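Student: Please put together the full structure from these sequences, using the hints given.
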Amino acid sequence: MLDNNNSEYDVNILIGENGSGKSIFLNNFAKDSTKLNKNIIAIATSVHDKFDIRSKKFHFYGARQGRNMISKVIKKSLMLSQDESDDKIKSFIRVLDYIGYSSRIGIQIHGFNPYKVRSLEIEGLIETDNKYDLISLLNKYHDVILYNQIISADLYAFTSGNINSSAFGALLKFEDIMKKLGILKGITLYLEKDGQEISLQNASSGELLLLSTLTFISSYIKRNSIILIDEPENSLHPKWQKEYIKNILDMFYYYHPKILIATHSALIIPLKEQPINLFSIENNKINQLLRTTNNNEELLFDTFKILTPENRYLSNHIIEIINEFDSGKISLLSANKKINSYIERAYDPKQIKFLTEVKEMINNIHKTKEEK
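The sequence shown begins at 2 in our numbering and counts up by one.
Don't read these hints as lab results, they were simulated from the structure.
Values in this document were obtained by computation on a predicted structure and should not be read as measured data.
It is possible that some hints are incorrect.
Stated by the list, open to error - As a list, the in silico DSS-like pairs of lysine-lysine whose alpha-carbon atoms are at most 27 Å apart:
id	residue 1	residue 2
1	Lys117	Lys181
2	Lys89	Lys174
3	Lys194	Lys240
4	Lys181	Lys223
5	Lys354	Lys339
6	Lys117	Lys132
7	Lys141	Lys77
8	Lys57	Lys32
9	Lys36	Lys76
10	Lys73	Lys58
11	Lys186	Lys141
12	Lys132	Lys89
13	Lys360	Lys338
14	Lys338	Lys354
15	Lys89	Lys77
16	Lys338	Lys351
17	Lys32	Lys223
18	Lys354	Lys330
19	Lys57	Lys91
20	Lys51	Lys77
21	Lys77	Lys58
22	Lys243	Lys91
23	Lys91	Lys39
24	Lys194	Lys174
25	Lys73	Lys181
26	Lys141	Lys73
27	Lys89	Lys223
28	Lys39	Lys51
Tutor: Here it is in structure tokens:
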């Protein structure tokens with residue numbers, strides 16, 4: 002797994018139940034990779050992740066850092082020097098566009114005290130250029146800020162070099178200093194979707210997770226980076242789970258990253274046309290799994306013992322069970338037992354309803370035969 006094949010699609014999925022050792026393996030893999038001087042981006046959606054590495058090459062984003070970390074990730078992507086901002090801001094715009102947001106961003110300042118603004122003039126507190134941009138912006142938007150209104154700007158302006166965009170960025174960059182000086186109590190970020198301003202607190206957890214994950218990756222990714230993700234399915238709608246790997250590759254394939262994802266969700270595994278390496282882990286032992294079938298539904302069932310909606314593999318097996326029962330090859334007890342095993346593994350309500358109705362149909366066939 003450590004070998005990088007320099008492919009656009011070096012995607013590795015490690016599957017296993019909770020407690021099987023997935024998180025420990027990811028941490029050990031990261032440690033081995035740091036010894037090879039690799040740039041590592043690690044993401045964990047559980048507060049119980051096992052990452053414990055300290056290295057300039059190791060960049061971690063996880064649930065244990067708290068919900069406010071999402072806001073910090075986005076703010077940090079905007080607090081770059083003019084020399085490095087172009088690519089990173091454009092990457093952030095691409096992330097926003099990818100999940101349906103516009104390139105406009107807003108900030109709302111809370112607890113503004115205009116009488117404390119002059120304290121920014123203290124010598125050596127911040128750089129001279131930023132100081133006067135910041136004071137100018139605070140004075141210009143005095144009333145807007147005082148009444149907690151939202152100040153908006155287009156992210157494309159952050160790479161134009163004009164004073165308004167650099168001052169807007171300075172508000173975020175020097176938020177902590179202004180809080181210490183008593184100028185403000187905090188800054189809330191707003192994004193725009195379908196013409197509506199949405200605070201980060203009001204965005205869906207799935208959107209926030211995807212937004213912050215892609216933004217964090219875009220902030221640190223370099224060519225041939227290693228991306229480690231522990232249980233990305235947490236808080237993600239099934240639709241987002243199915244598209245998770247595709248989303249990452251769409252955004253970052255040109256960096257040729259090695260991606261290693263640990264999961265216990267069948268939906269994370271991409272469709273059969275996406276090249277992946279599949280591994281299982283049990284009792285801390287890794288085994289590579291070979292795709293013996295081109296039927297993705299069959300692969301998911303064999304691997305996870307979980308059924309996906311609209312599953313052709315399931316449909317074929319149900320027809321087979323009905324035919325075997327109708328011809329007398331299997332008993333009613335055996336037929337019901339097989340169908341029950343599928344019901345236990347299904348998670349889609351429509352699929353469970355379908356299987357329940359199949360059981361009723363088989364029981365009706367049995368009653369009809371007995372009446373004859």
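Student: Next, verify each hint and record whether it holds.
Tutor: Cross-check of the supplied hints:
A distance of roughly 11 Å separates the Cα atoms of Lys117 and Lys181; the hinted pair therefore holds under the 27 Å criterion. Taking the CA atoms of Lys89 and Lys174, the gap is about 15 Å. The hint holds against a cut of 27 Å. With a C-alpha separation of about 19 Å, the suggested pair Lys194 and Lys240 falls inside the 27 Å cut-off, and the hint holds. Note on Lys181 and Lys223: the hinted pairing is violated, with a Cα-Cα distance of about 35 Å set against a maximum of 27 Å.
A threshold of 27 Å between alpha carbons decides the hint, and for Lys354 with Lys339 the separation of about 16 Å falls inside it, so the pair holds. Distance check on the hinted pair: Lys117 and Lys132 sit about 14 Å apart at the alpha-carbon level, within 27 Å; holds. Restraint check for Lys141 and Lys77: the C-alpha separation of about 24 Å stays at or below 27 Å, so the hint holds. Between Lys57 and Lys32 the alpha-carbon distance is near 12 Å, which keeps this suggested pair within the 27 Å criterion.
Restraint check for Lys36 and Lys76: the C-alpha separation of about 31 Å exceeds 27 Å, so the hint is violated. A hinted pair counts as satisfied when its Cα atoms are at most 27 Å apart, and Lys73 with Lys58 qualifies at roughly 20 Å. Note on Lys186 and Lys141: the hinted pairing holds, with a Cα-Cα distance of about 19 Å set against a maximum of 27 Å. A hinted pair counts as satisfied when its Cα atoms are at most 27 Å apart, and Lys132 with Lys89 qualifies at roughly 24 Å.
With a C-alpha separation of about 10 Å, the suggested pairing of Lys360 with Lys338 holds against the 27 Å cut-off. Between the alpha carbons of Lys338 and Lys354 the distance comes to roughly 16 Å, so the proposed pair stays at or under 27 Å and holds. For the given pair, Lys89 sits about 10 Å from Lys77 by alpha-carbon distance, which is consistent with the 27 Å threshold. Distance hint between Lys338 and Lys351 is fulfilled; the C-alpha atoms sit about 20 Å from each other, no more than 27 Å.
Note on Lys32 and Lys223: the hinted pairing holds, with a Cα-Cα distance of about 18 Å set against a maximum of 27 Å. For the hint linking Lys354 to Lys330, the alpha-carbon distance of about 25 Å falls within 27 Å, and the restraint holds. Distance hint between Lys57 and Lys91 is fulfilled; the C-alpha atoms sit about 24 Å from each other, no more than 27 Å. This hinted pair checks out: Lys51 and Lys77 have alpha carbons roughly 25 Å apart, not beyond 27 Å.
Taking the CA atoms of Lys77 and Lys58, the gap is about 17 Å. The hint holds against a cut of 27 Å. This hinted pair checks out: Lys243 and Lys91 have alpha carbons roughly 26 Å apart, not beyond 27 Å. In summary, the hint linking Lys91 to Lys39 is supported, as the alpha carbons are separated by about 25 Å, within the 27 Å threshold. For the suggested pair Lys194 and Lys174, the alpha carbons sit about 25 Å apart, so the restraint of at most 27 Å is met.
At most 27 Å may separate the alpha-carbon atoms for a hinted pair to count; Lys73 and Lys181 meet this at roughly 17 Å. About 26 Å separates the Cα atoms of Lys141 and Lys73, which keeps this hinted pair within 27 Å; it holds. At most 27 Å may separate the alpha-carbon atoms for a hinted pair to count; Lys89 and Lys223 meet this at roughly 12 Å. As the CA atoms of Lys39 and Lys51 are separated by approximately 19 Å, the hinted pair is consistent with the 27 Å bound.
The structure fails hints 4, 9 (numbered hints given earlier, in ascending order).
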